[in-house]
Structures are given as C-alpha cells and as structure tokens.
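Asks: Protein sequence lines, in the order shown, are assigned to chains S and F. According to this note's numbering, the first sequence is numbered sequentially starting from 4. According to this note's numbering, the second sequence is numbered sequentially starting from 227.
These aren't lab readings, by the way, just hints derived from the structure by calculation. Glycine is no exception: its CB is placed at the ideal position from the N, C-alpha and C atoms. Among the hints, a few may not be true.
Quick list of simulated restraints, FRET-style, between CB atoms [to be verified]:
| hint | chain 1 | residue 1 | chain 2 | residue 2 | range |
| --- | --- | --- | --- | --- | --- |
| 1 | F | Asp289 | S | Asn69 | 38 to 46 Å |
| 2 | F | Arg290 | S | Asn69 | 36 to 44 Å |
| 3 | F | Gln310 | S | Pro13 | 26 to 34 Å |
| 4 | F | Arg248 | S | Ala114 | 23 to 31 Å |
| 5 | F | Gly229 | S | Pro84 | 21 to 29 Å |
| 6 | F | Ser231 | S | Asp58 | 34 to 42 Å |
| 7 | F | Gly298 | S | Gly44 | 29 to 37 Å |
Counterexamples of contact, computed for chain F against chain S with all Cβ distances above 10 Å [said to hold, decoys possible]:
| hint | residue |
| --- | --- |
| 8 | Lys243 |
| 9 | Asp244 |
| 10 | Glu246 |
| 11 | Leu247 |
| 12 | Gln267 |
| 13 | Asp282 |
| 14 | Pro287 |
| 15 | Val300 |
| 16 | Thr302 |
| 17 | Gln309 |
| 18 | Ala314 |
| 19 | Ser321 |
| 20 | Thr341 |
| 21 | Val342 |
| 22 | Leu343 |
With a straight-line cut-off of 25 Å between C-alpha atoms, the simulated SDA-like cross-links for lysine to any residue are [what the hints assert, rightly or not]:
| hint | chain 1 | residue 1 | chain 2 | residue 2 |
| --- | --- | --- | --- | --- |
| 23 | S | Lys45 | F | Thr302 |
| 24 | S | Lys101 | F | Val238 |
| 25 | S | Lys45 | F | Asp289 |
| 26 | F | Lys283 | S | Asp86 |
| 27 | S | Lys45 | F | Ser231 |
| 28 | F | Lys283 | S | Arg96 |
| 29 | S | Lys101 | F | Thr304 |
| 30 | S | Lys101 | F | Thr296 |
| 31 | S | Lys45 | F | Gly229 |
| 32 | S | Lys45 | S | Asp86 |
| 33 | S | Lys101 | F | Thr256 |
| 34 | S | Lys45 | F | Gly242 |
| 35 | S | Lys111 | F | Gln267 |
| 36 | S | Lys45 | F | Thr239 |
| 37 | F | Lys237 | F | Phe291 |
| 38 | S | Lys101 | F | Thr239 |
| 39 | F | Lys237 | S | Gly44 |
| 40 | S | Lys101 | F | Gly266 |
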Amino acid sequence: QKEVEQNSGPLSVPEGAIASLNCTYSDRGSQSFFWYRQYSGKSPELIMFIYSNGDKEDGRFTAQLNKASQYVSLLIRDSQPSDSATYLCAVQRTGTYKYIFGTGTRLKVLA
Amino acid sequence: GAGVSQSPSNKVTEKGKDVELRCDPISGHTALYWYRQSLGQGLEFLIYFQGNSAPDKSGLPSDRFSAERTGGSVSTLTIQRTQQEDSAVYLCASSLLAGVSGANVLTFGAGSRLTVL
Chain S
4 QKEVEQNSGP LSVPEGAIAS LNCTYSDRGS QSFFWYRQYS GKSPELIMFI
54 YSNGDKEDGR FTAQLNKASQ YVSLLIRDSQ PSDSATYLCA VQRTGTYKYI
104 FGTGTRLKVL A
Chain F
227 GAGVSQSPSN KVTEKGKDVE LRCDPISGHT ALYWYRQSLG QGLEFLIYFQ
277 GNSAPDKSGL PSDRFSAERT GGSVSTLTIQ RTQQEDSAVY LCASSLLAGV
327 SGANVLTFGA GSRLTVL
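The following block holds chain F by itself, in its conformation from the complex (with noise of 0.2 Å):
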C-alpha cells in the first residue's frame, strides 16, 4: 500500500480481555517494527522483524505480548489478559532495508490507540 496502515485505530476493552492490533506495511518493505507510546511518553521499542522473523523481542513487556508476521507482509500484535497499564498508543512502522551500515528511514502508521478498562 501508499503507507503503513494499522487497524484497530482505536480500541476500548476491558480488564482481562485479549485483543489484537494489526499493521499492513508498505508494499515491499522487509523490515517492521512495533512501538508503544503512552501518554506524553517517547517511543518504546516493542520487537522488529526482518521478513517473517524476530531477530530482537527483547523489548515485549512480558510474555501476555506477542507478535508475528506472515508473508513477510502483515503483522500482528497480540496482548492477552490486558491490563490497565497496557493503555497506550502502539505505532507500528516499516522501512526499506539499506544494509545494516546504511540509513534506514521508518515510516509510521498512524497507531492503533488501546484503552483498558
């Protein structure tokens, strides 16, 4: 597609309730990232992927997130068991890969907005 689009745009669910965030990059980008943002917060990495792979999950809070990629396309992100303090903005972007030494610019969708309950 034209841009990185991510669906829900915006999501309220209640304590306890399992959701799933999805981010469709751009067309023949290999790399996808996940980042949350809360309230007046910077970015806070979540996990990337190069093609349908994870090489770094490092920044998943705990094992209630999880995430993948099929077809080196479309990305899922899924929270089990919310809680309240998984309210937050979860950005997703995606970037062309230029080699490891070299540039790579990321470009955002416009988030997915969690509200817990």
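So that you can see chain S by itself, here it is in the shape it has in the complex (with noise of 0.2 Å):
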C-alpha cells in the first residue's frame, strides 16, 4: 500500500461544474495535508492546507479532511479551463518534516 494514494485519472468535469479529488494516506498520525498543482512542465505550487478535521474554505476551493477515515479531498467550484492541471496530495509524516507526495489526480476542465 502507498504511504499516500491518489486516483490518477483524468478527472474530466464540464467548466462550472465541481470537480472532487481525493486522497487517502496510510499514516495515521499525518498532521498536515496539502494540496499543491502542477501544471505542465511546471513546478508545483501550493493550494491550501489542512490540519484539522472538517473543511476549510478559501474562494472556490475547499479541503475537508477526515483523519477517522484518513481521507482528504479537494473541492474546486466553478471549474475553469485554467483549473486544468494534475493535482497533488502531500502528507507530513508524523513527527517529521518529511512530506510525502502522491502520484497526482490529472483534471481536465472541458469549456
């Protein structure tokens, strides 16, 4: 089992739908979650971060985390044709500053 699983897809949702990305993590005792994206032939940049259960908001984004479950997704509403990119799931080792990444979920936002 990987320490981090993303679904790799391509997701593709219509432009203004929501687009739903998922993750789960085996580490129980994760702290911090982060969803960063890459667009191609770039470098990843961050989105937002995570350390408490429930959701945090921030414009058409929105992480929820459930460490019961040890699941994280990523919510993008309005989905824009800019949205289009592979985004990934990072996960802070227990204890660490280690962070370890996910494959990534491709997401294509068709216009």
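Dock the two chains into a complex; use the hints.
Replies: As structure tokens, this is what we get:
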C-alpha cells in the first residue's frame, strides 16, 4: 500500500461544475495535509493546507479532512479551463518535517 | 533570494558521468528538500535538510546519490556514475519551519531536468 494514494485520472468535468479530488493516506498519525497544483512542465504550487478535521474554504477551493477515515479531499467549485492541471496531495509524516506526495490526479475542465 | 533557484535548468550527460545539481533556497528558510519526478509520475522524496544536517536520507535511491548543504543555505545533489534510469526532473523546495505540528509550506524551484544518454 502506498503511503499516499490518489486516483491518477484523468478526471474530466465540464466548465462551471464542481471537481472533487480525493486522497487517502496510511499513516494514522499524519498531521498536516496539502494540496498542490502542477501545470504541465511547471513546478508544484500550493493551493491550500489543512490540519484540523472538517472543511476549510479558500475562494473556489474547499479542503476536507477526515482523520478517522484517513481521507482528504479537494473540491473546486465553478471549475474553469485554467484549473486543468495535475493536483498533488501531500502529507506531513508524524513527528517529522518529511512530506510524502501522492502521484497526483490529472484534472481536465472542458470548455 | 526571492524564490528557490536551481541550476542547471537542463543537463544532458552520458551514462557513467557524474553530475551536480544545485539549489539555492529562499533566504531564511531552514528546511530544504530534494524530490525527483520522472515523466508523468508523482514526486519521489529523496532527502531533506534541517539546517546543514539531513535527518532523513531514506529516499536516496542508491549510494550513487549524495547531497550536502553548507552554511544553512545552498545545497548540492550529486549523482555519480549516472544511469539512464536517473533521467528525471529534480525538484528542490524550501520551507520556513513553523514547528513540527505546524503546517510548513514548501516552495519549489523550477527544477533541473536531467537526461542521461
């Protein structure tokens, strides 16, 4: 079992729809969770992070964390073609500064 | 500096040669990370530094890989006797440590693309 798992996609959604991206992790003691966006040929850039159970909203983005289920998700409302990218989930390993990334989910927003 | 700077941006080498990749983190960032990303793949953790020490080297693929950081700033990743499977983008990131329980955001450099012929 990989430490951080994501569906590789591609996930295709029409413009204006909600895109839902999911991530599961194996280390129950993991503390902080991050979503990065990576455009083709570019470096990852932070979208948002979350470390408390529940929802965290930032503009069109909402991160959801459920530690009991070891599950973190990212919702993108009113998806735009410019949101088309690979979304990487990252988890901070317990008691360390080490961050493990999932393989990413490729999102395609269709105009 | 204003961002994380990596050099070279592109390196083509022959199998068996040694290469050095350099990372200059954001000024004041205590932590520095090296990741590797093969074509179409996710980020593979290699090593991270807290100051000049490397608490976790577990991601280095083999003893051909080594890294050092001096002066709490610049880091060099060295790959000896390169193999074709070493071809990838090597990404460096830095972070201002906010405490183990805090959320430390990684800022990435543009990467060094290594091609081993």
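Asks: So, for every hint listed, does it hold in this structure?
Replies: Now for the hints, and whether the structure bears them out:
The hint said 38 to 46 Å for the Cβ distance between Asp289/F and Asn69/S, and at roughly 40 Å that hint holds. Under the hint 36 to 44 Å, the C-beta atoms of Arg290/F and Asn69/S, about 41 Å apart, fit the expected range. One distance hint, 26 to 34 Å for the beta-carbon pair Gln310/F and Pro13/S, holds here, with the actual separation near 28 Å. One distance hint, 23 to 31 Å for the beta-carbon pair Arg248/F and Ala114/S, is violated here, with the actual separation near 41 Å.
Roughly 27 Å separates the CB atoms of Gly229/F and Pro84/S, a value that falls within the hinted 21 to 29 Å. The supplied range of 34 to 42 Å is met by Ser231/F and Asp58/S, whose beta-carbon atoms lie about 36 Å from each other. For the pair Gly298/F and Gly44/S, the supplied restraint of 29 to 37 Å holds, since their beta-carbon distance comes to about 31 Å. Against chain S, the non-interface label of Lys243/F holds: every CB pair exceeds 10 Å, the least being about 25 Å.
The non-interface label for Asp244/F is consistent with chain S: the shortest C-beta to C-beta separation is roughly 25 Å, beyond 10 Å. Every beta carbon of chain S lies more than 10 Å from that of Glu246/F, the smallest distance being close to 20 Å; the non-interface claim holds. Non-interface call for Leu247/F relative to chain S: holds, since the shortest CB-CB distance, roughly 14 Å, exceeds 10 Å. Separation of Gln267/F from chain S is inadequate, the least Cβ-Cβ distance of about 6 Å not exceeding the 10 Å criterion.
With a least beta-carbon separation of about 5 Å from chain S, Asp282/F fails to lie farther than 10 Å from that chain, contradicting its non-interface assignment. No Cβ of chain S approaches the Cβ of Pro287/F within 10 Å, the least distance being about 16 Å, so the stated non-interface status holds. At roughly 18 Å, the least C-beta separation between Val300/F and chain S is larger than 10 Å, which holds for a residue marked as non-interface. Distance check on Thr302/F: its Cβ is at least 19 Å (rounded) from any Cβ of chain S, clearing the 10 Å threshold; non-interface status holds.
Residue-level check passed: Gln309/F sits 22 Å from the nearest beta carbon of chain S, beyond 10 Å. Consistency note on Ala314/F: stated as away from chain S, and its beta-carbon is indeed over 10 Å from all of that chain's, at 14 Å minimum. For Ser321/F, the requirement that its beta carbon stay farther than 10 Å from each beta carbon of chain S is not met, with the minimum near 7 Å. No beta-carbon of chain S is positioned within 10 Å of the beta-carbon of Thr341/F; the least distance is around 15 Å.
At roughly 20 Å, the least C-beta separation between Val342/F and chain S is larger than 10 Å, which holds for a residue marked as non-interface. No Cβ of chain S approaches the Cβ of Leu343/F within 10 Å, the least distance being about 21 Å, so the stated non-interface status holds. With a CA separation close to 21 Å, the supplied pair Lys45/S and Thr302/F stays within the 25 Å bound. Restraint check for Lys101/S and Val238/F: the C-alpha separation of about 30 Å exceeds 25 Å, so the hint is violated.
Our distance criterion of 25 Å between C-alpha atoms is broken by Lys45/S and Asp289/F, whose separation comes to about 29 Å. Note on Lys283/F and Asp86/S: the hinted pairing is violated, with a Cα-Cα distance of about 34 Å set against a maximum of 25 Å. A distance of roughly 14 Å separates the Cα atoms of Lys45/S and Ser231/F; the hinted pair therefore holds under the 25 Å criterion. Simply put, Lys283/F and Arg96/S have alpha-carbon atoms about 14 Å apart, close enough for the 25 Å limit, and the pair holds.
In summary, the hint linking Lys101/S to Thr304/F is supported, as the alpha carbons are separated by about 21 Å, within the 25 Å threshold. Distance hint between Lys101/S and Thr296/F is fulfilled; the C-alpha atoms sit about 20 Å from each other, no more than 25 Å. Between the alpha carbons of Lys45/S and Gly229/F the distance comes to roughly 14 Å, so the proposed pair stays at or under 25 Å and holds. With a C-alpha separation of about 14 Å, the suggested pair Lys45/S and Asp86/S falls inside the 25 Å cut-off, and the hint holds.
Between Lys101/S and Thr256/F, the direct Cα distance comes to roughly 13 Å. Compliance with the 25 Å bound is thereby established for this hinted pair. Distance hint between Lys45/S and Gly242/F is unfulfilled; the C-alpha atoms sit about 28 Å from each other, more than 25 Å. Among the hinted pairs, Lys111/S with Gln267/F is consistent with the structure: their alpha-carbon atoms are about 17 Å apart, no more than 25 Å. Our distance criterion of 25 Å between C-alpha atoms is met by Lys45/S and Thr239/F, whose separation comes to about 22 Å.
Distance restraint check for Lys237/F and Phe291/F: the Cα-Cα separation of roughly 16 Å lies within the 25 Å cut-off, and the hinted pair is therefore satisfied. Restraint check for Lys101/S and Thr239/F: not satisfied, since their Cα atoms lie roughly 30 Å apart, outside the 25 Å limit. A threshold of 25 Å between alpha carbons decides the hint, and for Lys237/F with Gly44/S the separation of about 16 Å falls inside it, so the pair holds. The straight-line distance between the Cα atoms of Lys101/S and Gly266/F is roughly 22 Å, inside the 25 Å bound, and the hint therefore holds.
When each numbered hint is compared with the structure, violations occur for hints 4, 12, 13, 19, 24, 25, 26, 34 and 38.
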